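S.K.: Turn these sequences into a full structure, and let the hints steer you where they fit.
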Amino acid sequence: MPNQDLSILELVMHASLVVQLVMAILVLLSLLSWWHIFSKYFTVSKAAKASELFEDRFWSGSDLNALFEQTKRGHSVGMEKIFIAGFSEFLKLRQKGGMELSDVMEGTRRAMRAACQRELDWLDKHTSFLASVGSVSPYIGLFGTVWGIMHAFRGLANVGQATLATVAPGIAEALVATAIGLFAAIPATVAYNRFAHDVDALANRFDTFIEEFSNILQRQAAR
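Residue numbering for the sequence shown follows our numbering, starting at 1 and increasing by one per position.
Just so you know, the hints here were simulated from the structure itself, not pulled from any lab data. The model shown is predicted, which means the values in this text are computed figures rather than measured ones. Each hint should be verified, as a subset may be incorrect.
What the hints assert, rightly or not - Each computed SDA-like pair below joins lysine to any residue, with the alpha-carbon atoms no more than 25 angstroms apart:
1) K49 with H126
2) K46 with T127
3) K49 with A221
4) K72 with H197
5) K96 with A221
6) K92 with F68
7) K92 with S76
8) K92 with A66
9) K125 with A203
10) K125 with F143
11) K49 with S102
12) K46 with E212
13) K72 with Q117
14) K125 with I37
15) K92 with S102
16) K96 with S214
17) K72 with N204
18) K49 with N193
19) K125 with H197
20) K46 with A131
M.R.: This is the structure we're talking about:
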């Protein structure tokens with residue numbers, strides 16, 4: 001026992017079955033969270049970049065009808081979808097005739113709000129998983145640690161004299177579970193907070209665009 005290898009791999013291999021299962025669950029959660037982190041990073045970045053480019057085109061003085069046809073032909077993301085939903089609903093309601101301007105604008109805003117909510121739901125997809133991994137993983141690791149320490153102390157019952165050399169490997173095996181739990185939780189928590197901030201920032205930009213675009217349409221319809 002005194003000469004037992006205390007490398008991480010050896011500690012994992014010699015851990016009890018319950019602790020090994022806990023470690024396997026934590027490794028799986030970590031891999032899944034990293035997959036979602038990279039996927040969500042590209043998704044949110046793409047939406048932010050597309051919205052920025054669209055705003056530049058929108059405020060460059062382009063004709064709304066031409067911009068609508070151009071945007072509708074491409075793969076719209078984020079603010080582009082809100083614009084398409086709002087302008088198409090505006091044109092549809094205007095063609096009906098006999099409707100008050102306030103009713104037309106109310107329908108247009110509703111269409112844009114619905115499109116905005118769909119985009120935000122899409123951007124928020126899987127972020128709850130990251131929050132769950134960040135909050136639950138340390139407790140799963142702690143369970144593995146407690147179980148491992150209990151297992152180690154039960155093993156000491158058959159040892160005549162308990163020394164640091166006999167206790168250390170069992171406790172080290174148990175603590176690996178806590179380390180893996182933290183390794184899974186910390187990146188997930190940081191990523192969740194970052195994505196939540198980025199999505200909130202996009203939501204504010206979407207809300208501002210809806211109000212500004214509504215004002216433009218209202219002025220255009222009142223002429």
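S.K.: Give me the numbers of the hints this structure contradicts, sorted from smallest to largest.
M.R.: Violated: hints 3, 4, 10 and 11.
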